[in-house]
Amino acid sequence: MGELLGSYDILGAFLVNVRLTLWSALFAFVLGTVLAVMRVSPAPSLRWAGAAYVNTVRNIPLTLIILAASLGLWGQLGVELAGRDSGDFIATNSFRLAVLGLSVYTAAFVCEALRSGVNTVPAGQAEAARAIGLGFGATMRLIILPQAFRGAIAPLGNTLIALAKNTTVAQAAGVVQAASVMNTMMEFRPDLAVAIFLIIALGWVAIVLPTGLVTTHLSRRLGVAR
Amino acid sequence: MSSVIFDAPGPRGRRRIMAVNVVGVLVVLGVLAWVVWGLARQGQLTATKWEPFATASAWENYLLPGLVATLKAAAIAIVTANVFGLLFGLGRLSEHAALRWVSGAVVEFFRAVPVLIMMLFFYNVFAFSGAVGDPAFYGVVVALTLYNGSVIAELVRSGVHNLPRGQREAGLAIGLTPAASLRLVELPQALIAMMPSMISQLVVILKDTGLGYLINYAELLRQARLLGSSNANLLPALIVAAVLFIAINYTLTTVAERVARRLDNRVAGGATIQEPSIEMETPMPRSRT
Numbered sequence: 003m004g005e006l007l008g009s010y011d012i013l014g015a016f017l018v019n020v021r022l023t024l025w026s027a028l029f030a031f032v033l034g035t036v037l038a039v040m041r042v043s044p045a046p047s048l049r050w051a052g053a054a055y056v057n058t059v060r061n062i063p064l065t066l067i068i069l070a071a072s073l074g075l076w077g078q079l080g081v082e083l084a085g086r087d088s089g090d091f092i093a094t095n096s097f098r099l100a101v102l103g104l105s106v107y108t109a110a111f112v113c114e115a116l117r118s119g120v121n122t123v124p125a126g127q128a129e130a131a132r133a134i135g136l137g138f139g140a141t142m143r144l145i146i147l148p149q150a151f152r153g154a155i156a157p158l159g160n161t162l163i164a165l166a167k168n169t170t171v172a173q174a175a176g177v178v179q180a181a182s183v184m185n186t187m188m189e190f191r192p193d194l195a196v197a198i199f200l201i202i203a204l205g206w207v208a209i210v211l212p213t214g215l216v217t218t219h220l221s222r223r224l225g226v227a228r
Numbered sequence: 502m503s504s505v506i507f508d509a510p511g512p513r514g515r516r517r518i519m520a521v522n523v524v525g526v527l528v529v530l531g532v533l534a535w536v537v538w539g540l541a542r543q544g545q546l547t548a549t550k551w552e553p554f555a556t557a558s559a560w561e562n563y564l565l566p567g568l569v570a571t572l573k574a575a576a577i578a579i580v581t582a583n584v585f586g587l588l589f590g591l592g593r594l595s596e597h598a599a600l601r602w603v604s605g606a607v608v609e610f611f612r613a614v615p616v617l618i619m620m621l622f623f624y625n626v627f628a629f630s631g632a633v634g635d636p637a638f639y640g641v642v643v644a645l646t647l648y649n650g651s652v653i654a655e656l657v658r659s660g661v662h663n664l665p666r667g668q669r670e671a672g673l674a675i676g677l678t679p680a681a682s683l684r685l686v687e688l689p690q691a692l693i694a695m696m697p698s699m700i701s702q703l704v705v706i707l708k709d710t711g712l713g714y715l716i717n718y719a720e721l722l723r724q725a726r727l728l729g730s731s732n733a734n735l736l737p738a739l740i741v742a743a744v745l746f747i748a749i750n751y752t753l754t755t756v757a758e759r760v761a762r763r764l765d766n767r768v769a770g771g772a773t774i775q776e777p778s779i780e781m782e783t784p785m786p787r788s789r790t
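Residue numbers (the numbering used here), protein chains in the order written: chain U, 3 to 228; chain P, 502 to 790.
Hints in this document: simulated from the structure, not taken from any laboratory. C-beta atoms are modelled at their ideal positions from N, C-alpha and C, and glycine is treated no differently. You may find that some hints are simply not true.
Claimed, not checked - Covered stretches of chain U (chain P as the covering partner; in silico rule of three or more C-beta atoms under 8 Å from a C-beta of chain P):
#, segment
1, 8-14
2, 23-35
3, 67-73
4, 185-196
5, 199-210
Stated by the list, open to error - Residues of chain U placed beyond 10 Å of chain P at every Cβ, according to the derived structure:
#, residue
6, M3
7, E5
8, L83
9, R86
10, D87
11, S88
12, D90
13, I134
14, G137
15, M142
16, P148
17, R152
18, L220
19, L224
20, G225
21, V226
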């Protein structure tokens, strides 16, 4: 068992999941915020486009989205997200395509989390903003969004945890990470499958539980008292 | 539509919104045109790429069997997940500390481990031991059961907790034991309140059967990929699969919303709809609208 563990870089594999999580979280957060603002904006076309995006993306399996990024964008359309001449072209390109797929998918859920955050802001806040003459842009930027972010910490935290777990699906793009390392180990030593599973599962518990505790703590600390 | 975030627009505001609308429509059309142009330039929009989907063999040999496999795994998983969820949800509400603790640990564990990890594990175990005929199918079903069952267990718990305190107090006041009050008064209402969330959970299960692709379960995605490789039209095949998934899931979401509205006045706490999220870490009933 010890020999088996020694010959596979489990920690390194988990590090790939963490890197996938952080990059995707960054892009998904930006895109999700734009979508959320679109969905509450006064312009019907923007509201419609935001809703169409969310309803489409969140009804497609993530596996399909990652496959579309890897087999479709790269394989069929020749979109490359890394330089050909870089040493590890395939690994870098797969990683970035997986980040793209994860971000596109997660943005829909970030948008919904933020919208639930906007719902926690009392109507009086927006009315007061309008009463002092702020327009939609200024109302969102100065009054609504700062409170909405703070009210949305709990659902955003859940989305982050879900994203972290979903990084295993990067397997579909051929990114070597915890799921693929576990699979390789099990194929090599099927008799030790249970032990291997428990070790990898504990790794996930070690990532997910603290994240949950921290976001719950933050949502209590930073949430606007009403 | 009225919103508190912005005023009912005046003449100048309406002109500005009109301008944004025009720009917005142009941008959306522009993006679509860019995608279509890109696909056309790569020869993805030729008739030979799309004609196979008009043939009976594509549907009979690939897409329909895939769809059936997807629906079969999802249907079985939703039943077993509900049984699992009910058992462990009640376990977490139990009077016995030990039972509560064990149920809690099981539920938290299976919610923290990614579904794909469980699927790969069960697939490997089943394939190695040869205990079941179709390791990929059972791998998908068992993994989906454990994960979604844990989510449903949390739904049961939050469903009971969301009921007004008076329901339980009234049960105890007429001489029911706590267990009888749970069984006769609280649980029936909690189950009705949970109904919309459970239907939403169907969307999650259906989407997650797509993970079966990675353990070679012949579900819709795997079949679409096969069809795409045999006709050299991978991208169109993925698009068709996506449209099928969207159609089914969108229907389920709409049904969930309808059910939530109809059941709303049948329980003391009100029925709550839950957005089909990537997963439901803490089932959080959304504010009713």
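A quick look at each hint next to the structure:
1. 8-14: As far as the segment 8-14 of chain U goes, the hint is violated, because 0 residues have Cβ atoms under 8 Å from chain P.
2. 23-35: violated (count 0)
3. 67-73: holds (count 3)
4. 185-196: holds (count 7)
5. 199-210: Coverage by chain P holds for the segment 199-210 of chain U (6 residues, Cβ < 8 Å).
6. M3: Non-interface label on M3 (chain U) holds, nearest chain P Cβ at 16 Å vs cutoff 10 Å.
7. E5: Answer for E5 (chain U): holds, closest chain P Cβ roughly 19 Å.
8. L83: With a cut-off of 10 Å, L83 (chain U) remains clear of chain P, as the shortest Cβ separation is near 15 Å.
9. R86: holds, 19 Å
10. D87: Holds: least Cβ distance 24 Å, greater than 10 Å.
11. S88: About 24 Å separates S88 (chain U) from the closest Cβ of chain P, which puts it past 10 Å; holds.
12. D90: holds, 23 Å
13. I134: holds, 12 Å
14. G137: Violated, because the least Cβ-Cβ distance between G137 (chain U) and chain P comes to about 8 Å, which does not exceed 10 Å.
15. M142: violated, 7 Å
16. P148: Label holds. Min Cβ-Cβ 14 Å, cutoff 10 Å.
17. R152: Check passes; 16 Å lies beyond 10 Å.
18. L220: holds, 14 Å
19. L224: holds, 17 Å
20. G225: holds, 14 Å
21. V226: Nearest chain P Cβ is 16 Å from V226 (chain U), so the label holds.
Comparing the model with each numbered hint stated earlier shows that hints 1, 2, 14 and 15 do not hold.
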